[in-house]
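Participant: Chains as they are written, first to last, in the numbering used here: chain A, 1 to 139; chain B, 1 to 573.
Careful: at least some of the hints might be erroneous.
To be verified - Some, not all, of what chain B presents toward chain A, calculated at C-beta under 7 angstroms: (1) P13; (2) D157; (3) L164.
Said to hold, decoys possible - The list that follows gives simulated cross-link-like pairs (lysine to aspartate or glutamate, DMTMM-like), each with its CA atoms no further than 25 angstroms apart: (4) B:K173 / A:D62; (5) B:K289 / B:E269; (6) B:K166 / A:D85; (7) B:K501 / B:D450; (8) B:K530 / B:D328; (9) B:K173 / A:E51; (10) B:K173 / A:D22.
For the record, the hints were derived by calculation from the structure and aren't laboratory data. A quick note: this is a predicted structure, and the numbers were derived from the prediction, not measured. Note that the Cβ used here is the ideal one computed from N, Cα and C, for glycine as well.
Chain by chain, the residues:
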Amino acid sequence: MTYEVEIGALRAAAAAARAAGDQVATIHPGDVLRAAGGAIPHSGSAAAISEVAGVLERRVTDWVGAARQYAGTLEGNAAQYAHDDRLAAAAFASPPNTAPSLPVRPAGARTKGPLVVAQAPTSVPAAPSKYLRLGPVPE
Amino acid sequence: MPLTWGDILQWHPAALDSAEAALRAARNACTDRAGDLDGMATPKGWSGDAADNASVSLRRLTGELRDLVAQVSAAYTAVRDAADGVRGVESAVRTALDHAHAGEFAIDADGTVRDLRPQMCLSNTHDWLLIQQERQDRLGECALRVEAALRKAADVDADLGAVLAKILAGTIKGGDGSLGAAAASGEAMGRHSVLPPPGHGSPAENAAWWASLSADEREEVIGAHPEWIGNRDGVEFAARDRANRLLLDRRRAHVDERWAILERFCHDENGRFIYGNYLQVKAEYEDLKEERESIATLGAILARPGAHALLGLDFTTERTQAIVANGDVDHADHVAVFTPGLTSTVAGMGGYDSDMAALKLRTEGELFRRGEQGTVATVTWLGYQAPQWSTIFTSNSVASSGAAEAGGASLANFYRGINAARPTDPDLTALGHSYGSTTTGYALQQAGVDVDRAIFFGSPGLGTSSLDTLAIRSGAAYYAEAKWDGVGDLAAFGADPTGMKGMQHLQTGAATTPDGRAWEGIIGHLDYLKDGSTSQYSMAQVVGGHPDSAVHGKNVGLTDPISAQDWYPEWLK
Numbered sequence: 001m002t003y004e005v006e007i008g009a010l011r012a013a014a015a016a017a018r019a020a021g022d023q024v025a026t027i028h029p030g031d032v033l034r035a036a037g038g039a040i041p042h043s044g045s046a047a048a049i050s051e052v053a054g055v056l057e058r059r060v061t062d063w064v065g066a067a068r069q070y071a072g073t074l075e076g077n078a079a080q081y082a083h084d085d086r087l088a089a090a091a092f093a094s095p096p097n098t099a100p101s102l103p104v105r106p107a108g109a110r111t112k113g114p115l116v117v118a119q120a121p122t123s124v125p126a127a128p129s130k131y132l133r134l135g136p137v138p139e
Numbered sequence: 001m002p003l004t005w006g007d008i009l010q011w012h013p014a015a016l017d018s019a020e021a022a023l024r025a026a027r028n029a030c031t032d033r034a035g036d037l038d039g040m041a042t043p044k045g046w047s048g049d050a051a052d053n054a055s056v057s058l059r060r061l062t063g064e065l066r067d068l069v070a071q072v073s074a075a076y077t078a079v080r081d082a083a084d085g086v087r088g089v090e091s092a093v094r095t096a097l098d099h100a101h102a103g104e105f106a107i108d109a110d111g112t113v114r115d116l117r118p119q120m121c122l123s124n125t126h127d128w129l130l131i132q133q134e135r136q137d138r139l140g141e142c143a144l145r146v147e148a149a150l151r152k153a154a155d156v157d158a159d160l161g162a163v164l165a166k167i168l169a170g171t172i173k174g175g176d177g178s179l180g181a182a183a184a185s186g187e188a189m190g191r192h193s194v195l196p197p198p199g200h201g202s203p204a205e206n207a208a209w210w211a212s213l214s215a216d217e218r219e220e221v222i223g224a225h226p227e228w229i230g231n232r233d234g235v236e237f238a239a240r241d242r243a244n245r246l247l248l249d250r251r252r253a254h255v256d257e258r259w260a261i262l263e264r265f266c267h268d269e270n271g272r273f274i275y276g277n278y279l280q281v282k283a284e285y286e287d288l289k290e291e292r293e294s295i296a297t298l299g300a301i302l303a304r305p306g307a308h309a310l311l312g313l314d315f316t317t318e319r320t321q322a323i324v325a326n327g328d329v330d331h332a333d334h335v336a337v338f339t340p341g342l343t344s345t346v347a348g349m350g351g352y353d354s355d356m357a358a359l360k361l362r363t364e365g366e367l368f369r370r371g372e373q374g375t376v377a378t379v380t381w382l383g384y385q386a387p388q389w390s391t392i393f394t395s396n397s398v399a400s401s402g403a404a405e406a407g408g409a410s411l412a413n414f415y416r417g418i419n420a421a422r423p424t425d426p427d428l429t430a431l432g433h434s435y436g437s438t439t440t441g442y443a444l445q446q447a448g449v450d451v452d453r454a455i456f457f458g459s460p461g462l463g464t465s466s467l468d469t470l471a472i473r474s475g476a477a478y479y480a481e482a483k484w485d486g487v488g489d490l491a492a493f494g495a496d497p498t499g500m501k502g503m504q505h506l507q508t509g510a511a512t513t514p515d516g517r518a519w520e521g522i523i524g525h526l527d528y529l530k531d532g533s534t535s536q537y538s539m540a541q542v543v544g545g546h547p548d549s550a551v552h553g554k555n556v557g558l559t560d561p562i563s564a565q566d567w568y569p570e571w572l573k
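The whole structure should be built from the sequences, with the hints applied where relevant.
Facilitator: What follows is the structure in structure tokens.
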């Protein structure tokens with residue numbers, strides 16, 4: 001597995017997560033479910049239906065948020081790896097005593113600190129991955 | 001707060017149907033993301049802490065989506081079944097209102113049923129009491145339907161509430177499998193159970209229960225629980241027929257399997273019969289033999305042309321019991337229920353069924369001649385243990401009224417069930433032959449049977465000596481007795497019907513009706529239903545609601561009671 005493929009795979013995984021989040025975000029079980037209580041007025045479950053509608057909506061929203069966060073993290077990692085790759089390539093290609101050029105900062109990528117995969121919602125800061133072998137994260 | 005009649009009048013499934021559709025779409029939108037979940041996986045070669053954390057996040061996301069799918073699926077099936085249940089409530093409400101309307105009752109918002117019809121005054125005390133009883137029964141039936149609707153509504157509410165509570169508590173989980181598996185698991189957890197029938201329910205209670213089921217729930221009962229309704233008086237007969245045909249097929253398969261096993265056990269490899277082995281399984285062998293013959297007869301009857309229906313089937317009794325109809329009992333204008341007597345068996349039921357088919361045709365033919373379009377259904381009711389010669393010295397003996405009394409109770413429920421299962425009562429005639437007339441007599445001594453007319457023939461007694469004890473109107477009891485029918489003179493169970501005060505007598509000898517048609521006379525005990533006979537013609541007129549057109553007259557012999565003789569003064573009876 002090459003470095004380029006890993007970055008592509010990360011981006012693909014991020015895209016899949018974002019697509020899943022976007023798709024699930026389109027569902028709104030709450031509205032119709034709340035209205036369903038009107039089918040059985042004065043029943044105990046009519047009130048519970050409303051409550052369930054709220055809970056399901058919240059769970060949908062939470063999941064969508066988590067999926068998007070996961071996607072964002074993978075995208076960030078992919079961008080960071082791409083950035084590192086360019087830096088490393090530039091370092092090897094530059095003549096001696098030539099000051100390195102300022103790397104282009106990829107959108108959404110970290111420019112400081114170790115690579116971290118943020119977790120939703122109780123993420124623990126991650127240690128640098130094996131990809132760091134290709135070069136230090138720029139300060 | 002328990003639900004009230006006023007509450008459930010406002011119940012309509014439309015909003016639940018909309019929610020069901022939306023939840024199904026939501027469930028599908030989630031399960032359709034299965035591919036994305038696979039795609040969301042981190043690259044295989046990726047390792048290290050970031051990769052580990054990404055995997056943890058992914059596992060959590062996947063698990064939460066599975067749970068969400070399961071919960072949405074549970075909500076979907078719960079709402080779907082609730083919508084179906086509300087349709088059942090609507091059905092129950094509608095039938096209760098129909099009953100109230102037809103019977104001139106009012107149902108208050110709290111479910112109280114009030115009689116709107118002014119009391120009738122009749123000079124005949126027997127008939128007045130009968131009408132009062134019928135009125136009370138109808139009011140009670142209407143009240144039962146209100147109760148059934150409320151019970152159904154409470155059941156729907158409880159079932160839906162239980163699933164919703166689980167969703168709220170987060171106890172519905174999607175497991176570790178695919179999203180499809182999570183959806184299936186959630187659907188199963190959201191499913192409502194069908195409200196089972198009332199235990200030992202009366203025909204009116206059973207009818208009210210059946211009315212409270214939606215069309216889908218009824219299909220589920222027929223397919224998954226046919227034993228619930230096969231013999232349940234008050235349930236519509238078309239459903240009973242379908243359930244009993246299923247049960248008949250199942251029993252046939254069971255009997256054939258056991259029969260093959262016993263056959264192998266009772267024969268050696270050369271096909272020689274092993275008597276010793278036979279003796280070990282003799283009891284089961286005899287039972288299976290009786291059942292095989294019964295099943296074969298019923299199969300043959302049901303395969304006959306015409307609308308046959310299997311309205312009752314019972315293999316749990318010593319001898320198989322069955323109820324077979326010619327025609328549509330749910331909708332026929334005129335229904336006749338024939339109860340045969342001594343030595344009657346299901347295996348030998350084919351002849352009775354032919355007689356009932358002929359009586360149906362005769363009745364319809366006579367109605368047609370009058371320019372009436374009335375439809376007719378005839379039933380052979382063998383829902384009891386008719387005595388056999390082999391049981392002559394047992395409690396089930398023909399000499400004892402035990403079988404007739406027990407059978408009478410069941411038969412009374414069958415009559416009640418006919419009226420309860422239908423929105424409008426048919427014109428109902430009870431027919432009883434021989435010991436079956438005794439059974440019929442006992443059935444008619446019970447309240448609430450709502451039988452319009454009864455014809456007894458070749459009767460050893462009706463289990464009573466007075467027609468006043470029968471729950472039929474004055475002048476609605478008919479008796480036919482042929483010459484040389486010794487059974488008709490036994491008077492073994494109450495007075496000889498030939499001499500009973502108030503009995504109407506049907507001619508059994510040859511006769512010519514005013515339209516010039518000649519009818520054949522019969523003699524002996526067995527030919528009352530013979531096609532083309534005077535007695536069959538008269539029965540057709542009575543069953544068709546035109547008893548005045550029957551050929552009246554009695555064949556009193558020396559063995560008949562003195563009070564039955566033509567010369568005996570009426571005032572001494």
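Participant: Tell me, which hint numbers fail for this structure?
Facilitator: Per hint list: single violation, 6.
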